[in-house]
Structures are given as C-alpha cells and as structure tokens.
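Those protein sequence lines, which keep their order, are chains B and C.
My numbering puts the first residue of the first sequence at 1, with every later residue one more than the last.
My numbering puts the first residue of the second sequence at 270, with every later residue one more than the last.
Derived by calculation from the structure, the hints in this document are not laboratory data.
Keep in mind that this is a model prediction, so the values were computed, not measured.
Incorrect hints may have been included.
[As the list claims (entries may be wrong)] Some chain B residues judged to face chain C by a derived CB distance under 10 Å, without partners named:
no. : residue
1   : ARG101
2   : PRO111
3   : TYR112
4   : ILE114
5   : PRO164
6   : ASN168
7   : LEU169
8   : SER172
9   : LEU173
10  : LEU175
11  : ARG177
12  : ALA188
13  : ALA190
14  : ALA252
15  : LEU253
[What the hints assert, rightly or not] Chain C side only, calculated, beta carbon under 10 Å to chain B, not exhaustive:
no. : residue
16  : ARG308
17  : LEU343
18  : SER373
19  : THR435
20  : ASP545
We treat Cβ as the ideally placed atom computed from N, Cα and C, and that holds for glycine.
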Amino acid sequence: MASSEVAPQAGRSRGRGLRLPDATPSVLLVVVLVALWQLGSTQEWWSARVIPAPSDIWTVGRTEITDGPFFTDALATITAVFASIVLGLLLGTLAGVLFWRKQTLGKMFEPYLISFYTVPLVVFYPVFLVILGINLWPIIILGSIMAAIPMALNTWVGLSEVRPVYLNLGRSLCLSRWQTLRLIAMPAAAPMVLAGATMAGIYSLIGVVAMEFMIAQSGLGYRIRYRYESFANSAMYFYIIATLVISLVVVALLSLLPRLLGTSTKGRS
Amino acid sequence: MKAQTTRAADASLPAGSAADIVIDNVSMSFPTQDGTVVRAIDHVNEKVDAGRFVAIVGPSGCGKSTLLSLIAGLQTPTSGEVRIGGEVVRSPKRTTGVVFQEDSTLPWKTVLDNVCFGMRVAGVPKREQLERAQQFITLVGLQGFEKAHPPQLSGGMRQRVAIARTLALNPNALLMDEPFGALDQQTRLLIGAEVRRIWRETHKTVVFVTHDIQEAILLSQEVWVMSYRPGRILDRVVIDLPENRDTSSVGTPEFSEVFNHIWGLVRGEAMQAFADSEHAGLAGNHG
Numbered sequence: 001m002a003s004s005e006v007a008p009q010a011g012r013s014r015g016r017g018l019r020l021p022d023a024t025p026s027v028l029l030v031v032v033l034v035a036l037w038q039l040g041s042t043q044e045w046w047s048a049r050v051i052p053a054p055s056d057i058w059t060v061g062r063t064e065i066t067d068g069p070f071f072t073d074a075l076a077t078i079t080a081v082f083a084s085i086v087l088g089l090l091l092g093t094l095a096g097v098l099f100w101r102k103q104t105l106g107k108m109f110e111p112y113l114i115s116f117y118t119v120p121l122v123v124f125y126p127v128f129l130v131i132l133g134i135n136l137w138p139i140i141i142l143g144s145i146m147a148a149i150p151m152a153l154n155t156w157v158g159l160s161e162v163r164p165v166y167l168n169l170g171r172s173l174c175l176s177r178w179q180t181l182r183l184i185a186m187p188a189a190a191p192m193v194l195a196g197a198t199m200a201g202i203y204s205l206i207g208v209v210a211m212e213f214m215i216a217q218s219g220l221g222y223r224i225r226y227r228y229e230s231f232a233n234s235a236m237y238f239y240i241i242a243t244l245v246i247s248l249v250v251v252a253l254l255s256l257l258p259r260l261l262g263t264s265t266k267g268r269s
Numbered sequence: 270m271k272a273q274t275t276r277a278a279d280a281s282l283p284a285g286s287a288a289d290i291v292i293d294n295v296s297m298s299f300p301t302q303d304g305t306v307v308r309a310i311d312h313v314n315e316k317v318d319a320g321r322f323v324a325i326v327g328p329s330g331c332g333k334s335t336l337l338s339l340i341a342g343l344q345t346p347t348s349g350e351v352r353i354g355g356e357v358v359r360s361p362k363r364t365t366g367v368v369f370q371e372d373s374t375l376p377w378k379t380v381l382d383n384v385c386f387g388m389r390v391a392g393v394p395k396r397e398q399l400e401r402a403q404q405f406i407t408l409v410g411l412q413g414f415e416k417a418h419p420p421q422l423s424g425g426m427r428q429r430v431a432i433a434r435t436l437a438l439n440p441n442a443l444l445m446d447e448p449f450g451a452l453d454q455q456t457r458l459l460i461g462a463e464v465r466r467i468w469r470e471t472h473k474t475v476v477f478v479t480h481d482i483q484e485a486i487l488l489s490q491e492v493w494v495m496s497y498r499p500g501r502i503l504d505r506v507v508i509d510l511p512e513n514r515d516t517s518s519v520g521t522p523e524f525s526e527v528f529n530h531i532w533g534l535v536r537g538e539a540m541q542a543f544a545d546s547e548h549a550g551l552a553g554n555h556g
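Go ahead and model the full structure; you've got the sequences and the hints to work with.
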C-alpha cells in the first residue's frame with residue numbers, strides 16, 4: 001500500500017481549524033477609501049452637507065453611542081435579525097426536507113418559491129401590520145420568511161442531489177428514515193444547505209432593516225430614517241455604517257458555520 | 270426503538286457463519302416509458318451453497334444487477350422469492366452485506382469512521398466497533414490511513430474502505446455489484462486477488478456481478494452466464510482451476526477453454542443487446 005496512491009492534496013484539506021482567510025488587502029482597501037473620503041470632504045470636492053467627513057460622522061457617532069439611542073437600536077436590530085435567522089432556518093429546513101420527501105408537494109410549490117426571490121416581499125408589510133399590529137412581530141415574521149425561502153430551496157436541491165448510492169447504502173444497512181436523513185442525506189447535502197443558510201442570513205437582514213424603515217419605533221433602520229427626516233445628516237451616515245458593520249459580522253459568523261458543523265460531524269462519529 | 274436496535278445488533282453478530290442463497294422461481298419485470306413491459310429476470314431457479322463464491326456474467330442491461338438487488342432485498346421480485354439461510358428476503362437484512370459499484374464511502378467521515386458506520390447503526394458497542402474496524406482495515410491493507418478522508422484516497426482504496434465496512438458487520442452473505450467497475454485494470458487485478466484472499470480467510474457466501482469474464486473466472490468457483498432480456502441463467506460453469514490461482518493462470522489451456530466457452534455464450538447475447546440499443550437509438554432519433 002504505497003503512499004503514492006494518496007492524492008497530492010492529502011492532509012491539506014482538513015485540520016485547518018477556524019482560521020479566517022487573510023483579510024489584509026480588503027482592510028487596506030477600506031482604509032484607502034476612507035482616507036480619500038476624508039480628504040474630499042475637508043477639501044470640499046463636494047459639499048460636506050451632502051457627504052460629511054468621516055471624522056465628523058465619528059464625532060456625532062460617539063455622542064449617539066454615549067448619550068444617544070445607539071445601543072437600544074442596535075440591540076433591537078440584532079434581536080430581530082437573530083430571531084429571524086433562527087426561525088427562518090428552522091422553517092426553511094423543515095420545508096426543504098418535506099419537499100424532498102414529497103416531491104409532488106415540492107413541484108407544486110417550486111415556481112412560487114423561485115418567484116418569491118424576485119418579489120419585494122416588503123410590500124406586504126401593511127398585511128402584517130393589520131394582522132400582527134405595530135410591534136416586533138411583523139419585522140421578525142417578514143425576516144423569517146425571507147430567510148426561509150433560500151434555505152428551503154437549497155435544502156431541497158441539496159437533498160435531491162444526494163447520490164442514490166448513499167441512499168441505497170442506508171437501505172442496505174436498514175436505517176430508519178430519520179437515521180438516513182440525519183446520518184447520510186443531510187451531511188451529504190451540507191455544502192448546499194450551508195450556502196442556503198448564508199443567503200438566509202443576508203436576506204433576513206435586508207428584510208428586518210427594510211421593515212424597520214417603514215414601521216418600527218426602534219432599530220437601526222428606523223433610526224436612519226428618523227435622523228434623515230430631522231436633517232441630522234452625519235448621524236444618519238453613522239447609523240448606515242453601523243448597519244453595514246452588523247451585516248458584515250452576520251455574514252462572517254455564518255461563514256464559520258461549515259467549519260463548526262464540520263468539526264461537530266467529526267465529533268459525532 | 271431501543272430494544273429493537275439491540276435485537277438487530279444481536280442478530281447481526283453470529284460467529285463467522287455463512288448462509289446459502291436460494292433463488293426460487295424469481296421473475297422481475299418493470300414498465301418502461303413507452304408503455305411496454307421489460308422482463309428483466311425470467312423464472313430464475315438457482316442455489317448458492319453456503320460459503321461458495323459465485324460470479325454472474327452477462328452483457329450490459331441483462332439484469333444481473335437487478336438479480337443482485339433482489340437477493341439484497343433492495344427490490345422485490347414480481348413473482349417468486351429469494352431465501353437466505355432459509356429466511357425469505359422481503360427487505361434488506363443486516364446479515365447481508367452489499368458492496369456497490371459506485372463509490373459509497375462517506376466523504377465527510379474518516380476511513381475509521383466509515384468502517385465503523387455500519388456497526389454503529391447496528392448498535393455494536395463502541396469498543397468492539399474500534400477493535401473490529403482496525404481488524405478489517407488491516408485485512409484490506411489500509412492500515413495507516415485510518416484518519417484519512419475518502420477524497421484523499423484513490424478509487425481503489427475507497428472501494429477497499431467500502432469492503433471493510435461491509436465485512437466488519439460480519440455478514441453471512443456478501444453481494445458485490447461490479448465493485449471494481451470504476452477502477453483501472455491494474456487496480457482491478459490487485460483488489461480482485463485481495464477479495465479472493467479475504468474470501469478464503471472468511472469463507473462468506475459471495476455473489477459477485479461483473480461483465481469481465483476473465484475477472485469472473487479468476488475469482489470464483491462457479492460462473493453463471495446470464496442471457497440478455499429476458500434475463501435467464503444460460504449456464505452454470507464450475508471453474509476447475511487450482512485454489513491458489515493468480516493472473517498467471519490466464520494463459521493456461523484450462524483457462525482458455527473455460528473463457529472461450531463462456532465468451533461463446535455471452536457473445537450472442539451481447540450482440541442481441543447491441544442490436545437492441547442501436548434500434549432504440551434510431552427510434553429515438555425519429556421520434
């Protein structure tokens with residue numbers, strides 16, 4: 001049994017741990033852009049009232065953090081996004097598994113699911129308001145639905161593409177349906193399912209912030225609009241940037257999922 | 270649920286036994302898309318004695334894989350029944366081991382976890398799992414690769430992992446469906462020799478499906494030649510080569526005689542299959 005039978009990438013594909021890809025170039029890009037922005041505003045390449053300098057935004061932002069509603073709003077948004085992601089992933093996974101097991105049901109829903117991608121679901125907000133009232137629930141429900149759709153589609157497609165020989169292996173080993181799903185089908189579909197989870201996170205964030213814009217009494221989306229309507233331009237920019245940072249954190253956290261699950265699959269066996 | 274698992278585990282662990290396989294008047298037909306019915310298996314009546322190594326050869330599409338999956342309980346015959354060790358096969362049994370043609374190793378598990386997988390779902394205690402896994406990993410010559418993942422291994426090594434996983438369950442019948450179909454010629458010969466060695470050590474009942482006549486003769490004690498649709502067993506050829514055979518037997522007059530006999534039977538069937546697929550191709554072009 002010569003070791004030459006081992007493919008050349010042996011040993012490299014696993015055991016990398018939780019190291020993130022090198023982010024230095026990306027960080028450098030942001031630093032350069034912010035520097036240019038600062039220069040442009042102070043040199044009045046454009047009106048500072050339209051686009052204030054980053055230093056001004058930071059000065060205003062500091063008071064928003066210390067004396068203003070920043071933490072309350074950020075917490076409201078993070079809570080809503082987190083709840084939406086959890087609910088959306090659960091709902092989406094359940095729907096995806098159901099469509100896989102009952103293909104006729106899946107075929108029935110498929111065109112609508114796909115078209116939901118293109119429909120701006122946010123336009124349904126009056127319906128949610130009428131049913132649920134003005135509180136956190138319309139926001140969470142819309143965020144969950146927007147998260148559930150890519151999750152359901154990806155789970156379904158991922159499970160449908162599991163190689164038949166794996167399912168035959170499950171049958172020949174007399175696995176129950178639940179064992180087949182948990183031990184064979186889901187791990188085999190994991191790359192597709194996890195890509196769906198990342199999309200779900202992004203979609204739920206879009207949904208939550210958009211809903212906050214329109215109906216909420218707190219949250220970053222609400223605060224952006226509030227500051228904008230009271231002509232507090234620098235503060236508005238501060239909240240926009242805060243929202244961007246949160247979305248980056250959400251995406252970064254979701255990109256850790258595969259490795260976290262990867263190690264947990266290893267641990268299970 | 271718990272009790273059931275334990276019972277299944279007990280049933281799957283008899284001390285190294287082999288069971289006989291009886292194929293009793295088995296037929297299998299299924300409808301095709303154009304509304305006709307294909308008779309894949311037609312009234313097959315055969316018996317494999319316990320501990321015997323039987324190879325089934327025939328042209329592509331003759332139903333030899335279908336016959337194997339009927340024995341495995343993965344499909345149910347239209348009529349007739351299969352009995353393994355006297356028990357009628359209605360669904361897959363843990364005491365029947367199956368090795369598939371396609372790669373069935375689970376890429377997200379290590380070699381060790383792959384080999385343990387069957388035992389784990391059968392409820393074998395953890396310590397015993399590891400002991401037996403190590404034993405069978407050594408048997409198929411993969412010691413040192415326990416922590417590797419299948420994508421890091423060659424196709425031949427992955428198939429060895431699948432064989433070890435199946436053998437570790439201590440099945441009393443081993444069904445192999447063109448297990449080396451995707452491998453290159455050298456690897457086929459090497460692994461084939463190993464399967465024969467493993468069979469001589471464990472003395473399982475083996476049914477081995479292949480389209481390679483040479484492979485069938487080299488490995489088995491008995492070759493069944495199957496006809497193109499409807500699938501029947503045309504002949505059972507007992508292989509009278511020395512127990513200790515290897516590729517050097519290929520040139521001997523005894524080998525050539527058996528080979529020519531089997532090839533004579535298969536050739537006619539293969540031409541029939543070829544004509545059929547040509548016809549289907551033409552019909553497809555016009556329709």
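- Sort out which numbered hints this structure fails and list those numbers smallest first. 1, 2, 3, 4, 11, 14, 15, 16 and 20
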